[in-house]
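A.B. asks: Working from the sequences, and respecting the hints, build out all of it.
There are 2 protein chains.
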Amino acid sequence: MYRINENYLKLPGSYLFSTIGKKVAAFSEEHPQASIIRLGIGDVTQPIVPAIIEALHHAVDEMGCAKTFHGYAPDQGYEFLRKAIAENDFQARGCDISPDEVFVSDGAKCDSGNIQEIFASDLKIAVCDPVYPVYVDTNVMAGRTGTYDAKTETWSDVIYMPCTEATGFVPELPKETPDLIYLCFPNNPTGAVLTKDQLQRWVDYANSRGAVIIYDAAYEAYITEENVPHTIFQCEGARTCAIELRSFSKNAGFTGLRLGATIIPKDLKCGETMLHSLWARRHGTKYNGAPYIVQRAGEAVYSDTAKVQLKEQIAYYQKNAQTIYNGLKDAGYSVSGGVNSPYIWLKTPDKMTSWEFFDFLLENANVVGTPGSGFGPSGEGYFRLTAFGTYENTLEAVERIKRI
Amino acid sequence: MYRINENYLKLPGSYLFSTIGKKVAAFSEEHPQASIIRLGIGDVTQPIVPAIIEALHHAVDEMGCAKTFHGYAPDQGYEFLRKAIAENDFQARGCDISPDEVFVSDGAKCDSGNIQEIFASDLKIAVCDPVYPVYVDTNVMAGRTGTYDAKTETWSDVIYMPCTEATGFVPELPKETPDLIYLCFPNNPTGAVLTKDQLQRWVDYANSRGAVIIYDAAYEAYITEENVPHTIFQCEGARTCAIELRSFSKNAGFTGLRLGATIIPKDLKCGETMLHSLWARRHGTKYNGAPYIVQRAGEAVYSDTAKVQLKEQIAYYQKNAQTIYNGLKDAGYSVSGGVNSPYIWLKTPDKMTSWEFFDFLLENANVVGTPGSGFGPSGEGYFRLTAFGTYENTLEAVERIKRI
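Residue numbers (the working numbering), protein chains in the order written: chain A, 1 to 404; chain B, 1 to 404.
For the record, the hints were derived by calculation from the structure and aren't laboratory data.
Check each hint, because a few of them may be wrong.
Claimed, not checked - Distance ranges between label pairs, derived from CB positions:
id: 1; chain 1: B; residue 1: T68; chain 2: A; residue 2: P377; range: 36 to 46 Å
id: 2; chain 1: A; residue 1: E153; chain 2: B; residue 2: V308; range: 39 to 49 Å
id: 3; chain 1: A; residue 1: R209; chain 2: B; residue 2: P50; range: 52 to 62 Å
id: 4; chain 1: A; residue 1: N88; chain 2: B; residue 2: G146; range: 51 to 61 Å
id: 5; chain 1: B; residue 1: Y148; chain 2: A; residue 2: N88; range: 34 to 44 Å
id: 6; chain 1: A; residue 1: N88; chain 2: B; residue 2: R400; range: 43 to 53 Å
id: 7; chain 1: A; residue 1: G237; chain 2: B; residue 2: T273; range: 43 to 53 Å
id: 8; chain 1: B; residue 1: S156; chain 2: A; residue 2: R3; range: 17 to 27 Å
id: 9; chain 1: A; residue 1: V308; chain 2: B; residue 2: T68; range: 22 to 32 Å
id: 10; chain 1: A; residue 1: D304; chain 2: B; residue 2: D100; range: 38 to 48 Å
id: 11; chain 1: B; residue 1: T68; chain 2: A; residue 2: D304; range: 26 to 36 Å
For every residue, glycine included, the Cβ atom is placed at its ideal position computed from N, Cα and C.
C.D. replies: Encoded structure:
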């Protein structure tokens, strides 16, 4: 008689955004006249820019013609895309990353969930608190997190690194030594960043302790300040301790096109074994490449025309971020994030819990945000708003929040 | 100090098709003038049909316009596609499968590799021998297969079900009871099929033993005979013991577009837990949906116009299969498969091993096929050719083989 993976049953409740979706749907049914503005889930709203649409049409035509048809993609992704990523995102910034160290995938969410598979099942992970739930949940599924304490909402075998007002929303080096360290900067959900020096400390720490940093750089396009690194490979020594996850979702609006990349330097070794080889084996065995047409769209992201169009698109969302940040500040809220990030992190007023504020905002302003507590215990009392709505909706949402 | 997943190191050699690729590349470099015909990997060569290209262009245009832009897809896939699959592939055949039981994915390879995750890590799997390597390799990675015996090329904890001339290339019920049974019919690599009665025996067996059948139906579009089921859900009782994997690669040429679906009936339960819920949780946590434009292309597969165009495309490959089958038979080879399948399975002549015949064919006919032994020990002495080349190449390959 077969049995299931019991670790799945340990997962408390459902995935955060499913819960929000259900709550909003229920409210919407009760109040069909309410005009709800969604600044909750981090999904973009602006269309794919013309230069990329053109590349997509061209690739579709290729697929319709025997001479230019493309079947299975190379396991690791097409050379043209890996080269564009290596050159533009790394070499142009002085980072020594070769196309061969780039693995193309269907998105950073998948990669951030799957990467733990190549590690031993009894390793200790460290995560920021609050944190993007996928890092923890996928380790729960793999049986790496011990037992869940419903009262503290923590796992016995996970090292939590609180990121609160008290720490300036950045993690401090943990007392207990972890094996895998998940870092995401600019941060989801807080919008906080690490300076180059701060990130260098983490790289040095990982190298000295024999830990691996899984660095999620999904939001790097939103960095506006000089001293904030765009990739962990800007730090000395990162090639021996870091894996970086890249996304096309937030810099080019690919949430519905699905494209990401994982960078594993060949210097990252456990004894004689390159983690690069393990991930290559996983890609070759469990994955069959991102669609050709989407990889061509990814290549187009780096064309001169698209770069101009995307700069404008990101500026649009950055303006939204400023609008929320300044609007809430004016209204007396305690606000952070937003400067190098599409996320604004605010303290709930009147000691409301995160979910109380969620309900309060939904009912009184018809605005949907994300409860900070959904990202971990240290997120309690905080709330996330995103800059990915339309400008009109963002402005309207801020006005409504100011009024209540 | 972190450690790796040691199970990865147990995997013998590299993925079969990577090895073939390297051998062909080396030969090609030594003989730059050789015109190599590839009937090895199961990749299609005909372009995407016009009706689907049109749907792709339309969806690309939608992505370029704010009003019709699509961001993150629903976890389980768009309703329009799940409905089309449920109606056309199941309900039209009298099978009770609802859209809610369909999970859209980026391909059957990924699903066939990932599905084992929702099961306990110490289950016993049964596979046909020869077999599509992904079923076994992904269980090796999960630590479910025991130790490898390089001499017999088998894993100590895997139940092998030989499918040879002696068994008519179909598996017999195993002596030891497995927990998970992988079945793929029409079969990759042998091209053999199970009749409805034969498959019903497996369903009854699984239900009586508390086993789950992972049924890979990737090649069902090639079935020409009446008594061969197109889905396991044509068998009574399959809803309580079977998961079915569907692919768009071979019926619609989506190898480079990437689309698949996994069917998990809500009646399939381990105690009180629906496997449907576990897979839904996995999808929600580790996956972010197939691209919108590709899901629209999948929907178009079921339009009346595309159905006519695809029937013609499949007929084209079927003619190739007949050409290989008849040609090799005429040349005195012992051949099977090909009738309900794009794969032709032949016995190597003169007691050559599979790899000896691979080299022999590459060197003397410049034709690339797949060594049967790459699919498992019982594949030794056999060889796979595929019908996915162009008709001209297929004809030429058969002529060359006849000559040597």
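A.B. asks: Now, for every hint given, state plainly whether the structure supports it.
C.D. replies: Status of the hints after comparison with the structure:
1. B:T68 <-> A:P377: 36 to 46 Å: holds, 40 Å
2. A:E153 <-> B:V308: 39 to 49 Å: violated, 56 Å
3. A:R209 <-> B:P50: 52 to 62 Å: holds, 58 Å
4. A:N88 <-> B:G146: 51 to 61 Å: Violated, at about 46 Å.
5. B:Y148 <-> A:N88: 34 to 44 Å: Check passed, 42 Å falls within 34 to 44 Å.
6. A:N88 <-> B:R400: 43 to 53 Å: Holds, since N88 (chain A) and R400 (chain B) (Cβ atoms, about 46 Å apart) stay within the stated range.
7. A:G237 <-> B:T273: 43 to 53 Å: This hint holds: roughly 46 Å between Cβ atoms.
8. B:S156 <-> A:R3: 17 to 27 Å: holds, 20 Å
9. A:V308 <-> B:T68: 22 to 32 Å: holds, 24 Å
10. A:D304 <-> B:D100: 38 to 48 Å: Between D304 (chain A) and D100 (chain B), where Cβ atoms are some 46 Å apart, the hint holds.
11. B:T68 <-> A:D304: 26 to 36 Å: holds, 27 Å
Consistency note: the structure conflicts with the earlier hints numbered 2, 4.
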